[in-house]
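Asker: Okay, here's what each chain looks like letter by letter:
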Amino acid sequence: MPKAGSGLSLDGLGMPLWLVIELTYKCPLKCPWCSNPVDFDRYRNELTTQEWKSVLREGRRLGSLQLGFSGGEPMLRRDLEELVEEADRLGYYTNLITSGVGLNPKRLRALKKAGLKQIQLSLQACDQELNEKLVGLDVFDHKISIARTIKAEGFPMVLNVPVSRYNIDQTEAFIELAADLGVEYVEFANLQYYNWALLNRAELLPTREQLARSEAQVNAARERLGKKLTIYFVVPDYHDQRPKACMNGWGSIHLTIAPDGTALPCQEARLIKGIDFPNVREHGLDWIWNTSPGFNQFRGDTWMKEPCRSCSEREKDFGGCRCQAFLLTGDASNTDPVCAKSPNRHLIDDLISGAEKRESCGSKPLIMREGGYPRRTDVI
Amino acid sequence: MEIERRISPDDVVELNPNYHFRWEEPQQAHVLLYPEGIVKLNQTAAAILEACTGSSSIAAGTEELSRRYRRRDLSAEVLKFLEVAHAKGWIRVKS
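Chains A and B supply the protein sequences, listed in that same order. Going by my numbering, the letters in the first sequence line up with residues 1 to 380, in that order. Going by my numbering, the letters in the second sequence line up with residues 1 to 95, in that order.
Source of the hints: derived by calculation from the structure; they are not laboratory data. Check the hints yourself; a few may be wrong.
Stated by the list, open to error - With a straight-line Cα cutoff of 27 Å, these simulated BS3-like cross-link-like pairs (lysine-lysine) come out:
hint, chain 1, residue 1, chain 2, residue 2
1, A, Lys30, A, Lys106
2, B, Lys94, A, Lys112
3, A, Lys113, B, Lys80
4, A, Lys316, B, Lys40
5, B, Lys94, A, Lys228
6, B, Lys80, A, Lys151
7, B, Lys80, A, Lys227
Small disclaimer: the values here were computed from a predicted structure and weren't measured.
So here's chain A without its partners, still in its complex pose (with noise of 0.2 Å):
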């Protein structure tokens, strides 16, 4: 996917390029910072394998080039090999976003036949133990002898590392085992703070002193192996003065289909209310792309308020994230408060002080991803 925090600015001549399909948002995993709605589990109308075909196939007419398998956990489709071939006969260049659990194998055989290009694996933690306390499940060992055979198998492989309070102290860690597994890519994604992750943005926000520590463990890693490790460092934009240009700007060059087929400009965008949002089952995806009220609700720069409208860098960051303004402004078309010229933007500063002053790690409970949420006596 294209990085939240890169400012790397792709043309995509007004295509989709980057798709991605969220098969399911079912998960065995109950990661407490998941990209997934805190009410997932009321969306049980999944896309059937026919319709994610035509899905597939009208991207393609669109010109998306890049395809992400993701969910949920993709690996509970049963059908996820033959969209995979599918996907690969119509040209798209195939990645598998993925916990590893449900990967075999003889899945991973099959799913290397079927034209799966690259797999990114996520992993929460260096030992066990901690990994066992942030996903919910015993699976730490599994995704080590997975991430071995996806090796053996021949994928390029990214490791995603979801990056928070809790395991950031394990950068070091994180990298020596990449090396060792021989992956090509380490994505250190410092947590983006929606829908779960924003129910526990209190305990697992980072200080600036992790964060430093951090990234200069990366830099000296990157000098050290040089090629043999990329290394990819997705900021967290709450500790930048700028914004990110959040998904190279709204119904630019990313298209995500919800399990429901509901299409949105990035995974998090049904989180912002009264946008209407199309459905595949309703529209073609030509007509979703380019004419429907959702996609251009945000595009270009009409829409903007000050301080975007007279700011020299809105061809830039295009205001940065809508989902952002709307979650702690209450107005999706504000300027996203990361940004040091926001009116709002010591709403930021005040999350990141509190950071500095909590207890220690685990002194207040997580908020783990399970269905039912939100329970009537809990307050969003």
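Keeping the supplied structure of chain A fixed, place chain B upon it in accordance with the hints.
Answerer: Leaving out everything else, chain B in the frame of chain A:
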């Protein structure tokens, strides 16, 4: 950190096997596809990659380009681009 060897005209270079290089009709351009990335190539870059990667030497590929584009002394330009491509990990020297 390993010292990168400079590329010489006698080398045979190949595309990194994790990279896919092909013509993309909707973009009207050659593209490189790789894990989590897309590079859109201009005509010159695509022509060099096409001619100079695979089984023959860079020098032989350069000669072919010279014939095709009726231009002499392309060697420096080709090497310069291939060194950039090598540094980015798009190609590797065949052993």
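Asker: None of the hints should be skipped; say for each whether it holds.
Answerer: Taking the hints in turn, this is what the structure says about them:
1. A:Lys30 - A:Lys106: 25 Å, holds
2. B:Lys94 - A:Lys112: 25 Å, holds
3. A:Lys113 - B:Lys80: Since the Cα atoms of A:Lys113 and B:Lys80 sit roughly 37 Å apart, the hinted pair is violated (cutoff 27 Å).
4. A:Lys316 - B:Lys40: Holds. A:Lys316 to B:Lys40 sits at ~20 Å (cutoff 27 Å).
5. B:Lys94 - A:Lys228: Measuring from Cα to Cα gives roughly 17 Å; hence the hint holds.
6. B:Lys80 - A:Lys151: Judged against 27 Å, a Cα distance of about 33 Å means the pair is violated.
7. B:Lys80 - A:Lys227: Holds, at about 19 Å.
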